[in-house]
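Protein chains in written order, with my numbering: chain F, 1 to 326; chain V, 1001 to 1334; chain W, 2001 to 2494; chain D, 3001 to 3295; chain Z, 4001 to 4322.
Treat the hints loosely; a few may be bogus.
Take a look, some chain D residues computed to stay more than 12 Å from chain W by CB distance [stated by the list, open to error]:
#1 Arg-3029
#2 Val-3032
#3 Thr-3038
#4 Leu-3040
#5 Val-3041
#6 Leu-3045
#7 Val-3046
#8 Ala-3073
#9 Val-3113
#10 Met-3136
#11 Ile-3161
#12 Ser-3181
#13 Asp-3283
Result set (BS3-like, lysine-lysine): computed pairs, CA atoms no more than 25 Å apart in a straight line [stated by the list, open to error]:
#14 Z:Lys-4011 with D:Lys-3183
#15 D:Lys-3059 with W:Lys-2362
#16 V:Lys-1123 with D:Lys-3031
#17 W:Lys-2494 with W:Lys-2247
#18 D:Lys-3059 with W:Lys-2284
#19 F:Lys-84 with V:Lys-1229
#20 F:Lys-19 with F:Lys-64
#21 W:Lys-2370 with W:Lys-2261
#22 V:Lys-1253 with F:Lys-147
#23 Z:Lys-4266 with F:Lys-34
#24 F:Lys-64 with V:Lys-1229
#25 W:Lys-2366 with D:Lys-3059
#26 F:Lys-64 with V:Lys-1123
#27 V:Lys-1244 with F:Lys-123
#28 W:Lys-2370 with D:Lys-3059
#29 W:Lys-2426 with W:Lys-2445
#30 W:Lys-2320 with D:Lys-3059
#31 W:Lys-2370 with D:Lys-3098
#32 W:Lys-2452 with W:Lys-2441
#33 W:Lys-2329 with D:Lys-3059
#34 W:Lys-2009 with W:Lys-2079
#35 Z:Lys-4266 with F:Lys-200
#36 V:Lys-1229 with F:Lys-19
#37 V:Lys-1244 with F:Lys-84
#38 F:Lys-64 with V:Lys-1244
#39 Z:Lys-4198 with Z:Lys-4133
Since the hints were made in silico from the structure, they are not lab data. Because the structure is a prediction, the values reported are computed rather than measured. Where is the CB? At the ideal position from N, CA and C, for every residue including glycine.
Spelled out from the first residue to the last, the chains are:
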Amino acid sequence: MPELISVQNLQTQFLSDGKLVRAVDNISFSLQEKETVAIVGESGSGKSVTSLSIMRLVPNPPGKIVGGQVNFHGEDLLALSEAKMRQIRGNKISMIFQEPMTSLNPVHRIGEQIAETIMLHQKLDRAAAWEKTVALLRTIGIPSPEKRALDYPHQLSGGMRQRVMIAMALSCHPDLLIADEPTTALDVTIQAQILDLMRKMREEFGMAIMLITHDLGVVAEMAHRVLVMYAGRIVEEAPVQEIFAEPLHPYTVGLLRSIPRLSGNKDRLYVIDGSVPDLSRLPSGCPFHPRCPDAGPRCRRERPELLTLGERRRAACWLRSGEGVE
Amino acid sequence: MLKYTIKRLLMLIPVLLGVSFFVFMVMHLFNADPAALMLGQHATQAQIEALRQQLGLNDPIFVQFGRFLWQLLHGDLGRSLMTRGSVTEELLARFPATIELALFSLFIATVVGVTAGVVSAVKRYSIFDYVSMVGALLGVSMPIFWLGLILIIVFAVNLHWLPVAGRIAIGMEPTAITNLYLLDSLLTGNWEAFWSALQHLILPGIALAAYSMAIIARMTRSTMLEVIKQDYIRTARAKGLDEKTVINHHALKNALIPVVTVIGLQLGLLLSGAVLTETVFSWPGIGNYTVNAIMASDFPVVQGSVILVAAVFVVVNLLVDLLYAYIDPRIHYQ
Amino acid sequence: GLGFAASQKILVYAKGADPRGLDPAYVDDGESGKIIVNIYDNLVRYKPGGTDIQPCLATSWTQSPDGLVWTFKLRKGVKFHDGTPFNAAAVKFNVDRQLPPNATDDMPYASFTFEPVKKVDVIDNYTVRFTLKHPYAPFLANLAMCMAAPIVSPTAVKKYGADYNQHPVGTGAFKFEKWDKDQQIVLSRNANYWGKKPFADKVIFKTTKENSVRASEMITGAIDMMDGVDPNDVKKLESSGVKVLKKPGMNINYMGFLTHKKPFNDVRVRRAISMAINRAELVKYLYQGYAEVANGPLPSFIPGYDPKLKPLGYNPTEAKKLLAEAGYKDFSFTFITYSNPRPYNPVNGVKLAEAVQAELLKIGVKTNIKVYPWTEYKPVLFKGEEGDAFFYGWIGDNGDADNFLSLLDSSQIETTLNSAKYKNPKVDELLRKGTLVSNEKERVKIYQDLQKILVEEAPWVFISHATDLYAYRPNVKGFNPHPTGVTWLEGTTK
Amino acid sequence: MSVELNTELKTAPVEESSPWRDFWKRFSRNKVAMVGLTILVILILVSLFGQWLAPYDYKASNMPESLQPPSAAHWLGTDELGRDILSRIIYGTHISLKVGIEAVLISLLIGIVFGAAAGYYGGVVDHLLMRLMDIMLAFPPLLLAITFMAALGRGLDNAIIAIGIVSIPEYARIVRGSVMSVKENDYVQAARAIGNNDFQVIFHHVIPNVTAPIIVRATLGFSAAILEAAMLGFLGLGVQPPEAEWGAMLGSGRSAIFSAPHIVTFPGIAITVTVLAFNLLGDGLRDALDPRMKQ
Amino acid sequence: MGDLVVVENLKKHFPVNRTLLGKVLSTVQAVDDVSFTIREGETLGLVGESGCGKTTVGRLVLRLIEPTSGKIQFAGTDLAQVPPRELRRLRHQMQIIFQDPYSSLNPRMTVGQIVAEPLIRHGLARGAECRAKVADILAMVGLDPSYVRRYPHEFSGGQRQRIGIARALATRPRLIICDEPVSALDVSIQSQVLNLLKDLQQEFGLTYLFIAHGLNVVKHVSDRVGVMYLGKMVELADGDELYNHPLHPYTQALLSAIPEPDPTAKRERIILTGDVPSPINPPSGCRFHTRCPKVMDICKRQEPVFQADQSNHWVACHLIHK
Ligand SMILES: Nc1ncnc2c1ncn2[C@@H]1O[C@H](COP(=O)(O)OP(=O)(O)OP(=O)(O)O)[C@@H](O)[C@H]1O
Ligand SMILES: Nc1ncnc2c1ncn2[C@@H]1O[C@H](COP(=O)(O)OP(=O)(O)OP(=O)(O)O)[C@@H](O)[C@H]1O
Ligand SMILES: [Mg+2]
Ligand SMILES: [Mg+2]
Ligand code: NI
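Start from the sequences and build out the full structure, keeping to the hints where you can.
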């Protein structure tokens, strides 16, 4: 499958409270057309900032993209003019956010908010855009969409709002959909509805999805490939089956073992000691070393690169480098 | 919405009743004897006592309050001790001047305040931001009356750009319809009067607006900054909308919701600030009138004007709440 | 109206406050008087610049030898502004409504002006007869006052009832047109005026409260003339090409002693304090020269004034000696004063008190100041319990010496007028004589004697007579304010 | 015991700190607020040591020297009675700060009690108290203060009481709102769960957590009170002469605005600077106390 | 072991809409007729979707809020009846740990003060003894005792949750209500806290009411699990029994909706349609009937009874109790 987007050496920093935070620290990855890639990692590991950097929506100040390239259809998005970039946003690449409660503008009708995007990118007049909006709402399973289009966000439930967000994101048939924790705020049964809808839409529209989450269950269910982030970096990358079967990075290993499973026994859970490090005060060497059970002197000294291991796998760990940790 | 409106209107009754009671009681703590005031310097004690009896000042206080309420219900606020005129009429004669000044100031304060606030927020940390926020700080720090005097000296006396005082040039009064000169002159197409009225409004308008303008600018700036951080603004940007649409269409309306409340409250402040502005600029409104009445211990007038202003304030805030409900669809009134 | 035509001749007179009303029976303030004199005529009128009497609506009058019956011949063919004729019945109506039983309590000047009147009779259409209860010398002067005495249209009074105060109808040179509250009162020319036809088509009395703001309007040319010029603004006005008129005012600015109680029941103490105050300096600095040092209660132009009267001069040493004599060492007392400016004291009562306080400190007398707003001040004074001395003043009503001097009549202790609670049978006697005697020379003599006693007895410290300050544009001619504080504007041109 | 200590112990920050120290750190970074604070400290010093600082007696009049423009002898000139304006302004500092502090204290104390009661108990208590506050809020503050003054009589103390009473509703509302939101915090539930009674909950757990908005409102309240006192002074309702209050100086000096503009200029500047300082401080406090500024 | 907590027909209705005169127009039926028991030393898990009343149940059990009706027996005492003073004395036997580690600690108090407060309130220790006890407790939850002078905001979420646990443990309670104690924590921290809770239970024989919406977490810690829907308990059984043989259609849907972190697992998913209805006007009959894939006529009319079978598997469904 041809490559749709490729991120190279992306670096995004924040200046927060006088301290420099390397929220995204030199990461590279790519997505194929129609492929779903999940990005997992703990809170604050840089997942959202990565996606915002691709959209060039990093709030500035305090944030700034300081390096790298994002190649999309042969163009570097980071080098485009703001006007050109606007033509891509919401059109070729769209985005859904975590909080369906706050991501819709409370003072505009949901129909207007969807139609706005359509009018903007497809140059349709109001009536036509409205018609399309209603059709879209119907596709995502909103009952009596003609009436619902006139509702304000607060009149909808969380699940419905997230559907509206999806409809909005899909309204221009994007090539890439970035979903930043699209179900975290929802109840389990509603989450199942939304994931189901996303799968259907993926089939219908055939776009690539960059799915950000920290729920490994969602990953297992949705993704083709997985990127694991830790402290602003990608520490592991693998096809979904393989990562669950045989994680390479000790962080991934710990993560997988520390979640209680329905099918699991009731023994003590595996524990990754310590907590996520403060990005403005990263430990030397491998940022994971203070929590890593296998860390050696080298881990404390040197930062491991993301190494390609096997056909479709990468990991950043001295243990896997063949060089050892001593 | 209609039901809510009616409910709110009904809620006005106890508040207004409370307001009247409050003012009435406060006024009765007055040191001065209204009868003695009415009679002037040649009066004897017997005459004063006779008048007290006649005015019902020797009745129990609740009887007096009942009588006062009864008259109030008929729109009668009693008679001025100084002029013997009906307080209702005297107040109504001056009310348009005050309203015109307050509305004009509110207009300046809102337009300038909101614009400055929005631009400051959007261009945060720019020169404009600093200048307007320093201006805003000065605005809330300067005493109105001092600002008024300085404006007169600079713009009227020294530069001769604007008239010193009064509502309109002598003899230019437009045909009375609403007694708001700006409006009346517009309605009658009397441009000369319009221009004159406008010129007369500028200095007192600015002096009065300074404080509110500053508050509104700061409020707008901070809510705007808050709104800009919201997720839905990020959503709007993610749709590919240009910055102007994002600000004007998506941010502004949300930012204005709290600002509207502040603007409503400002009208109250403007009405009370008018007391001093009117004094300084000899503006023939109720503020000036009230101050004179206070100096003269003309308590029916003080009582009447305080009740009038409070009533206006309460009603304006009701309107603001309704407007609030109108622009913010989240407020869902059954 | 759609503004005034450009060809119209308009005079704009700015003053500090709206009148209380325009019915002469119901007002007692100077602001009302200024407008009233231009709308109404009285039976008699003051001559320009003084308090001599000249005919007005009455063309002539006679007085019975016992001084009890006054007969006035009225001017013929005069009409009120509402078209009704002026005649004897109108005069009778005017007086009757201010006599018992018609008079109401809130007619402030009714009893003062018409107290001696027993009845009024219409002799014929143009002859009217007043019968007095006792002879009363100032009677004629009172009829020229701008309070109570101006003749109103009976028809209009009946028509408007309580609202007549806002709808005045007289026979004067100007007709009332409209009153925009606290803004302006517009009068227009009475084309049928019986006297000299007025020059201006309109006269506008504009209300501008703040002295300095009013002066600013004068400077910018927004108004033609103004009163109540603040001494501070005189230089600025003059340097801006505005003419400033300085007229001796018909007033007295004084500090009174509460003579009915210690320490000021002792004349020595009163004299000592009087001598400790350098009044010349007060006039020079506090009033910036816009006042005259008073030698007694009367302003110089009032008949009865004694140019030879010697006041108690500034003499701190003598003052100290007197105090020691009276046994007041480490003396301290309390002043009460008012918080606002008054016509006789254009700075305010507080500043005057503070200045006097500083003066007294020089002879080692410590004082406290208690301040009251004007309206609360009078009742406090009346009670006579607060403080030991007080600041006060008087604005003459009718230009008669009695109007000033009766403030020390012991019979006026009952009213608020004799606030010093001064009681001296000799003074009372002379005052009574003064009102009964109608011979001018004799009266003057009585009053001069009286003033000598007052200076010696020092119930008051006679501080100053404030100069009335007016300003007008240089193109205004014939602006001639009267000592009583009013200005007839029919002769004023521009 | 079988629970192992975690390595996080070792990575956690070690330096001792407290909310106040943090607050001071944030606050002291804010230069503008520091300017405000510095001015205030100076003003407080002036008000405490004014007697020794003032070159002249603030009430000693010297008629022949009246209305002099600023000069070497009188840096800010003299007023109509020849009193030194600088000395009067210095003396007035004391009064203005007194007005600010006392008025704020009055409204603060009553406002906190009302607000805490209404917010914590809700229901009828809330309803009654807040309707009373609504009624007071219906009056524009200055007008209400003037009305009180008309009734209470003039004078500084009455002015302070009037100004204090007038802003009670605002404090009550702020406290009520904060109490209602703090009340929702789990730690308040926790406090009850461990056996605190209402009084202990309110005073140990609720009130200490609503101080931030109260402090901010209080600093702004100082400035509002000073301005209101100045307005009352201007109208002649404030202090009794010969006391020197800035608003009253402005009010009585305005007649000399042409001949001696300095006698209104300087008190005006004094008011503006003081109010400005409080506002700067209030803004700084608001930023420094804003929980969102914490990490 | 006996029952430490017995809850019978517990109801809590919050008034939400009043007229001007204070008459209640509508209520949220947050908890409606719920009965269950918690045995001494066991963990009872409580699951259900947002707003179904879990927290309310937890607070009712501690009587932090007043029940509308029903009985709450704690160690033989009916908590719904005891006077406030006595209730406060009972409180050291029952504690609560909250979901949000940020809002559950008073930001103005140091860790030491927070942990010491319950000891002092109940007169269990003072002075040096108290300080020593606090240090002990902190050590017990894995915090360095030198932290006593620090303020909550200086700690990470996981550490703060431990402080909350320490506070709950201070009086050595018998019962701890855990209201979603790990929902706000990162995955890797979650396991630390879960293990800690487990260890403490073993060591002190604690009884937990463990509230959560993550079904896998609940399963992991609980002996028995109750499922709530819209203010009602719909199913209650032994953990394994419930997860292996869910009887109620809602439980079935809920379990199937959990994304299992295993890409190879293939399960039949039951996707419910629609949203959870409002508890202000809950549906008639069985509250789940609006979304139930197996809805029958009777479900709309008649409320199913909450009943147990032989193996103590409680369920409220017309499908089961014909
Ligand atoms: N606006 C901002 N200002 C300052 N720092 C920021 C900002 N946005 C993000 N960061 C920092 O960047 C880092 C990465 O944040 P990011 O939002 O990408 O994390 P995440 O992986 O999406 O976490 P979560 O799962 O909580 O959403 C964090 O340490 C955060 O503190
Ligand atoms: N004080 C209250 N006043 C009114 N309604 C309330 C109150 N507390 C809770 N409710 C309502 O009661 C219902 C149950 O709330 P509860 O907090 O017990 O749910 P929950 O199951 O804990 O939800 P979550 O998973 O979101 O924490 C909800 O609809 C809630 O809105
Ligand atoms: Mg994120
Ligand atoms: Mg809950
Ligand atoms: Ni152990």
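Okay, the hints, checked on the actual structure:
For Arg-3029 of chain D, the condition that its CB be more than 12 Å from all CB atoms of chain W holds, with the nearest at approximately 46 Å. Every beta carbon of chain W lies more than 12 Å from that of Val-3032 of chain D, the smallest distance being close to 36 Å; the non-interface claim holds. Once the 12 Å rule is applied to beta carbons, Thr-3038 of chain D is consistent with being away from chain W; the minimum gap is 35 Å. With a least beta-carbon separation of about 31 Å from chain W, Leu-3040 of chain D lies farther than 12 Å from that chain, consistent with its non-interface assignment.
Once the 12 Å rule is applied to beta carbons, Val-3041 of chain D is consistent with being away from chain W; the minimum gap is 33 Å. The Cβ of Leu-3045 of chain D sits about 28 Å from the closest Cβ of chain W, beyond the 12 Å cut-off, so the non-interface label holds. Its beta-carbon lying about 24 Å from the closest one in chain W, Val-3046 of chain D satisfies the requirement of being farther than 12 Å from that chain. For Ala-3073 of chain D, the shortest C-beta to C-beta distance to chain W comes to about 17 Å, beyond the 12 Å cut-off, and the non-interface label holds.
Separation of Val-3113 of chain D from chain W is adequate, the least Cβ-Cβ distance of about 34 Å exceeding the 12 Å criterion. With a minimum CB-CB distance of about 25 Å to chain W, Met-3136 of chain D clears the 12 Å threshold, and the non-interface call stands. Its beta-carbon lying about 18 Å from the closest one in chain W, Ile-3161 of chain D satisfies the requirement of being farther than 12 Å from that chain. No beta-carbon of chain W is positioned within 12 Å of the beta-carbon of Ser-3181 of chain D; the least distance is around 46 Å.
Asp-3283 of chain D, annotated as away from the interface, keeps every beta carbon of chain W farther than 12 Å; the closest lies near 34 Å. Distance restraint check for Lys-4011 of chain Z and Lys-3183 of chain D: the Cα-Cα separation of roughly 23 Å lies within the 25 Å cut-off, and the hinted pair is therefore satisfied. Distance check on the hinted pair: Lys-3059 of chain D and Lys-2362 of chain W sit about 14 Å apart at the alpha-carbon level, within 25 Å; holds. Distance restraint check for Lys-1123 of chain V and Lys-3031 of chain D: the Cα-Cα separation of roughly 21 Å lies within the 25 Å cut-off, and the hinted pair is therefore satisfied.
Restraint check: the Cα-Cα separation between Lys-2494 of chain W and Lys-2247 of chain W comes to about 21 Å, which is no more than 25 Å; the hinted pair holds. With a CA separation close to 20 Å, the supplied pair Lys-3059 of chain D and Lys-2284 of chain W stays within the 25 Å bound. Proximity of Lys-84 of chain F to Lys-1229 of chain V is assessed by CA-CA distance (about 23 Å); at most 25 Å being required, the pair is judged to hold. Taken as a hint, the Lys-19 of chain F and Lys-64 of chain F pair is honoured in the structure, with Cα atoms around 14 Å apart against an allowance of 25 Å.
At most 25 Å may separate the alpha-carbon atoms for a hinted pair to count; Lys-2370 of chain W and Lys-2261 of chain W meet this at roughly 18 Å. Only pairs whose Cα atoms come within 25 Å are accepted, and Lys-1253 of chain V paired with Lys-147 of chain F is accepted, the gap being roughly 23 Å. The straight-line distance between the Cα atoms of Lys-4266 of chain Z and Lys-34 of chain F is roughly 22 Å, inside the 25 Å bound, and the hint therefore holds. The suggested pairing of Lys-64 of chain F with Lys-1229 of chain V holds, with an alpha-carbon distance near 16 Å, which does not exceed 25 Å.
For a cut-off of 25 Å, the pair hint linking Lys-2366 of chain W to Lys-3059 of chain D stands: about 13 Å separates their Cα positions. A distance of roughly 17 Å separates the Cα atoms of Lys-64 of chain F and Lys-1123 of chain V; the hinted pair therefore holds under the 25 Å criterion. As the CA atoms of Lys-1244 of chain V and Lys-123 of chain F are separated by approximately 18 Å, the hinted pair is consistent with the 25 Å bound. Restraint check for Lys-2370 of chain W and Lys-3059 of chain D: the C-alpha separation of about 15 Å stays at or below 25 Å, so the hint holds.
A distance of roughly 15 Å separates the Cα atoms of Lys-2426 of chain W and Lys-2445 of chain W; the hinted pair therefore holds under the 25 Å criterion. For the hint pairing Lys-2320 of chain W with Lys-3059 of chain D, the CA-to-CA distance comes to about 23 Å; that is within 25 Å, so the pair holds. For the hint linking Lys-2370 of chain W to Lys-3098 of chain D, the alpha-carbon distance of about 22 Å falls within 25 Å, and the restraint holds. For the hint pairing Lys-2452 of chain W with Lys-2441 of chain W, the CA-to-CA distance comes to about 17 Å; that is within 25 Å, so the pair holds.
For the given pair, Lys-2329 of chain W sits about 24 Å from Lys-3059 of chain D by alpha-carbon distance, which is consistent with the 25 Å threshold. Between Lys-2009 of chain W and Lys-2079 of chain W the CA atoms are separated by roughly 24 Å; this keeps the pair inside 25 Å, and the hint holds. With a C-alpha separation of about 18 Å, the suggested pairing of Lys-4266 of chain Z with Lys-200 of chain F holds against the 25 Å cut-off. Proposed proximity of Lys-1229 of chain V and Lys-19 of chain F is supported: the alpha carbons are some 20 Å apart, at most 25 Å.
Proximity of Lys-1244 of chain V to Lys-84 of chain F is assessed by CA-CA distance (about 16 Å); at most 25 Å being required, the pair is judged to hold. In summary, the hint linking Lys-64 of chain F to Lys-1244 of chain V is supported, as the alpha carbons are separated by about 22 Å, within the 25 Å threshold. Taking the CA atoms of Lys-4198 of chain Z and Lys-4133 of chain Z, the gap is about 21 Å. The hint holds against a cut of 25 Å.
Checked against the numbered hints above, the structure breaks none of them.
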